[in-house]
Each structure stands twice: as structure tokens, then as C-alpha cells.
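Going down the list, the protein sequences come from chains V and Y. Residue numbers 1 to 238, in the numbering used here, belong to the letters of the first sequence in order. Residue numbers 1 to 455, in the numbering used here, belong to the letters of the second sequence in order.
Errors might be hidden in some of the hints.
[As the list claims (entries may be wrong)] No more than 16 Å apart at the CA atoms, straight line, and that leaves these computed lysine to aspartate or glutamate pairs for EDC-like:
hint, chain 1, residue 1, chain 2, residue 2
1, Y, 320, Y, 284
2, Y, 193, Y, 204
3, V, 86, V, 140
4, Y, 12, V, 104
5, Y, 12, V, 142
6, Y, 320, Y, 306
7, V, 86, V, 195
8, Y, 12, V, 195
9, Y, 193, Y, 140
Source of the hints: derived by calculation from the structure; they are not laboratory data.
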Amino acid sequence: MELIELRDVHKTYYIGDISVPVLKGISLTVAPGELVALMGASGSGKSTLMNILGCLDRPSSGEYWLDGQETSRLSSDQRALVRNRKLGFVFQNFNLLPRTSALENVAMPLSYTAEHLSDRQARQRAEEMLCRVGLQDRMDHEPSQLSGGQQQRVAIARALVNHPSLLFADEPTGNLDSHTSEEVLAMFQQLNQADGITIIVVTHDASVAEHTRRVIHIHDGVIVNGAPAAGARPGGVA
Amino acid sequence: MKGHRTIRAAMKALRRNPMRAMLTTLGIIIGVGAVIAMMEIGTGSSSAIQKAISSMGANVLLVMPGTAASGGVSFGEGSVMTLTPQDCEVILRDCPSVRIAAPAVRARTQVVYGNRNWVPSSIYGTTQGFLGVRDWAVAEGEAFTDRDVLNSNRVCVLGQTLVRQLFEGASPLGKEIRVKNISFRVVGVLASKGANMMGMDQDDILLAPWTTIKYRVTGSALVNTNQSASSSTSTAVNTLSNLYSSSGPSLYPDRSDVQAADNPMPVRFSNIDQILAAAKTSAEIPTAIGQVTALLHERHHIRPGEADDFTIRDMTEMSKTLSSTTMLMTNLLLCVALISLVVGGVGIMNIMLVSVTERTREIGLRMAVGARSRDILRQFLVEAIVLCLVGGAMGILLGHGGSSLVRRFLHWPVQTSPTAIAAAVLVSASVGIVFGFYPAWKASRLDPIEALRYE
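The following block holds chain V by itself, in its conformation from the complex (with noise of 0.2 Å):
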């Protein structure tokens, strides 16, 4: 079964009386244990279509199937439950909370999950992950007395902490230099061949895409290139 599937996906914001379509019939697939870059220039609606898959937001029509799971209808409060449990997210920015040690950082998802793990769990879980990460020696430092990259190495391993089984990456690299964009890029394709966890890095740079299995580039609210198991066949399954 695929992880992802979307069949005919569109997206329209409405600007007063205007409509502007910014996904115009998006069909996709995603197996699991992919590694899939998601390419396209600013204002293609690599962000919009990152954020549908991310049960940000919601379609304007179409259906998104998640782990077998239509996710298009669901109220704001289920979705969060699914990026909860399924999901995890890497920002170009890190978005960690400032004055926050690392580890308190990594296991601040923790606190809204369902299953209601004791302090010392969640915390030996978040410990886990920063071990995972190599941050093992940082983990009580604050997120300015850290560099970029172990920075965002704490955004991963804060994404890592719920056992998700899709990891999206918006832009990871951008705020990072070649040497340390390398190594973030590095160890999703560790995690990715290790862990098989299925990760869908958005970016605007190829030599980021180089790093994936698969790209898929996006223009204009289509996909234009599907690569391999993709392909635009609406309503298909694959």
C-alpha cells in the first residue's frame, strides 16, 4: 500500500471576489521508505502542496489518502492528531524555542500526544533521539549556544521523536552552509536507508534534489516531471 496518495488535488485561495488556483489537479504517489525531493521555483505551489501533504491544510477538492487514511475531510483537531502520530517536521529556520534547553526542545511534542508517557519516558525518548542525531554532549544546551547545523540536527531529532512515519523538510539546508548542508542531507538519507523512514525534502536547489532517489518538480500548480512511480494518471492507483 502507499503511503501517500493524492488523486486530483486542487487548491484555490480566494482574494475578495478573485480565485487564484495555485494547485491545479495534483495526482501523486508515495511509497513508503521513499526518499523524495519535491523541486520547483517560488510560486509553483511547492509550499501549498507541501502543506496539504502535511495536513496543514486542507484541499479545495480532490483526495488525500495518509497511511490508508483520507485525511481531506478531517477537522483541524484530527489532523493535528495525525501530524502527531504520523508525521514530522524539518523547517528551514529550525523553529526551536528560544531559552529552551535541546532536550526540553526535542521532547516538547511529547507533551501532546495521546498515549500519556511518564516525564522520565518522554524524556529518556528525547534523549534517545538526540543520541540518534550525535547531539548526546549538547543536549542541555540552548539553541543560541548551538551552531546552525546541530541546530537543525535538534529540529530533526524533535521531528524523530513521535516514531513518525513521514518526515517533511521544508527548505532544511537553507539557512546552512555547503559543509553542514551536507551533512543534515547526510543523515536523512541515513535515516531514510536505516530507519526506512519516508522523507519528502521541498527545496528549490538541485544539488539538494541530487541527494534523493526521486524528484518530482512541480510547475504552476502541476507536476511536470512525476519521475518513476508517480506519473499524472488521475484517479489512478498505483
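Use these hints to put chain Y onto chain V, whose structure you have.
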């Protein structure tokens, strides 16, 4: 999110910006502090005012003997002799709501000093307790003692008016005055009280041991001597029948009339004209009345349904004034309290709104990782409440400290008010909820996408 975790998260969030948290709570701290200080100083002053009013006699209960009636003609209050000095002692002993009680025997007759004379509007034979009941200070000299009462000593204390009339400015202390040909030594002069609420001069008074007045001056009950300036020189000794006798056969032989006339000793059972009692507080007046009534029923063997042989009067008018004064004070303070807390709450709301705007990205992030809007609402609400409660606690300390300083250095009367403290905690929590709700609601309505993109 679990409750304690929410609170911990709120504490952490507040600690991230301690300066601002501090300044935010300042409104509440000052508000609650002002309320507590006002309440403590206010209740202090109000109880001082109450005390002043009750010194006018607002707490005084007047126990009068009952009414005699003959053939359908009743003779009015005090026309039978049913009260004994022992009643007074027992009232003081057995009624917990009664602070102090004094028997009183009244007379109205001429007082003579040298070539001057005067008929004071009241001559009271009583005990030292009378001064306690009326909260009356002795300005010069001292009051007579219980020993004077026991020995029917011929000493007296004069009111200011009487002193002015008889002595024309000279000090009366140690002087002998004559009341119905009995000479009294003046041992003290009362402080001035002025007119009472009915316009009667309260300083026109002579106080003496009740035994002296009863057995040496009037020699009989009030009703018989109520004519002013009676020139009769009756020295007849009161040998009233033992109204409420409960004693067995007497140890000593009865004294003859001659002996009794030669040696006027207090007779064990005799009647008095009234008992003055003061309730501990004005609120306890009804309780005190109940206790005295029950006690006198028992002592006077009055069965249920039978008519009382006494009446109790209290100063309803004064106690009403008193309670309305207190009420006014309380309401005034409450208004001030509300205004300052509302101002503090607006401060909280203001800063929380700023905080929500400033932490838009954080809110977006929390939503992205799975916080529902009610989680966000709760987080910000709890933050506001924690701020208010901490502010409230500090305000209580501040207010209490402030009022302690006022007591220490300005010597104002201050009274710690647990109700005010409880109310302050409650009110500051509700201020947190009321004024924290809008910012928290605003935060919870944010769109995660917009919030994440917010710069």
C-alpha cells in the same frame, strides 16, 4: 496535555522572559497588594469606628425589672422588684457573649456642696463595671472599687456637669458632698461624654457604690423615690423579703431592726433597678440577649409560656447605624479593590496579547507537531492564570507588609483579614481567566501555516 505538564510548560515559558513576566504581574501585585492593604487598614479603621460607636453604648443591654399590674392597671417597666445583684453576677459569669455587666440603682435627689446645690439628672448606684459597660474613662482621680461596694463606702465619682455646677472650676477630689444628708467623698471625675443621642446631658451624673445608694441614700426602690429633690431624710434600711431565696437555715441569728439600723450592711437578697450589660461585639447582641433571657428564666423560675418578670432593651438604632457604617466601608473598599484589579487585568491582557504575537512562530510550531487549538488555548490561559496567581501571592505579601508598616510607624489600627486574602487569590485567578482568555483564544485561532511563516 496533562495538567501538571501544562503548568510546568507555562512556568518554563514564563521563565524564558522573566523580566516581562515580572512587569506583567506588577499590575496584579500592586492591585492585590493595594486591596489587601486597604482591606486590612480599612477593617482596622472600621473596627476602630465600631469601637468608638459602641463606646456610645451601642452594645449595651438594659435589663429592667418587669411590670406590676393591679386590676388591669399596669404600672410600667420597673414597677416590680425582680432583679437582684446576684442576677448580675451570674449573667457576667454564665453568659459568654456578655463582656461586662453592672447592677444599677437609681435615685434622683439633691446634691449639696457648701452653699451650692444641684439635682443631677441621674444618680447611679452601681459597681466599677458600669464604667466598663459605658466605656467611660475616669479623667481625674479614680473609680471606686469593689471593696467600696462591699462596704457601702460613702465615695462617689462625679460627671463633668455636676463638677461644674458644684465646684465652679475647683478640683472636687477629696471634697465631701452631701446627698440627702449623707456625705460622700469625691474620689474621681469622669471624662466628658457630652449629650447622648436624645440630647440628654450624660455628664450630669453621680456614680456611687450601689450598696451605698441603696441602703444609705434611697433606702427603698426607685419607684418610691422618683420625686426630684425629695427632702425626706428616710434612712430606712431595705430589708426586702428574700425574693429568690435558695439558702437553707441561716448560720447566724437574725439581726434586730435596731442592729440593722445601726449597722447598715448589704442585705444578701435585695433588688436593684436595672442591670447594664455590654455584649462583646455588636454582632453578638442578639446572642447575648438570648443567653441573658435563658439565664433569667432559670433563675426566676419562669416556666415556658409564663410572662417574663423582666425586660431586655438594646440600642437598636445605634446598632443599625453601626452596621450601616460597616457596610458602607466594606462596599467602598470593594469598589476600590475591583477597579485596581481590573486595571491589573487589563495589563495582563495587554502583555499576553504582545506575547501571543511575539510567539506566533512557536504557536505555529506547536500546532505543526500536533497541538490542537484547545491545547494552545489552555497553555496561554494557564500562563495567564499562573502569572495572576503568582502576582496575587506577591501582592498579598506586599499588602500585608505594607499594612504592617503602617501599623508600626503610623500606629493606625490594622486588622488582618483572611477573607480578603482568600478573595484576593480567587479574584486574581479569575482576572487571569477573564483577561487571559482573549489572548489565548486568539492564539488558538491562529492558522499553523500563517503562524509558521510569521516573521
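Structure-based check of each hint:
1. Taken as a hint, the residue 320 of chain Y and residue 284 of chain Y pair is honoured in the structure, with Cα atoms around 13 Å apart against an allowance of 16 Å.
2. Simply put, residue 193 of chain Y and residue 204 of chain Y have alpha-carbon atoms about 10 Å apart, close enough for the 16 Å limit, and the pair holds.
3. Of the supplied pair hints, the one linking residue 86 of chain V and residue 140 of chain V is violated, its CA atoms being roughly 27 Å apart against a limit of 16 Å.
4. For the proposed pair residue 12 of chain Y and residue 104 of chain V, the alpha carbon gap of about 10 Å is at most 16 Å, so the pair holds.
5. The straight-line distance between the Cα atoms of residue 12 of chain Y and residue 142 of chain V is roughly 13 Å, inside the 16 Å bound, and the hint therefore holds.
6. Our distance criterion of 16 Å between C-alpha atoms is broken by residue 320 of chain Y and residue 306 of chain Y, whose separation comes to about 31 Å.
7. Taken as a hint, the residue 86 of chain V and residue 195 of chain V pair is honoured in the structure, with Cα atoms around 15 Å apart against an allowance of 16 Å.
8. Distance hint between residue 12 of chain Y and residue 195 of chain V is unfulfilled; the C-alpha atoms sit about 33 Å from each other, more than 16 Å.
9. Only pairs whose Cα atoms come within 16 Å are accepted, and residue 193 of chain Y paired with residue 140 of chain Y is accepted, the gap being roughly 14 Å.
When the structure is compared with the earlier hints, violations turn up for hints 3, 6 and 8 and for no others.
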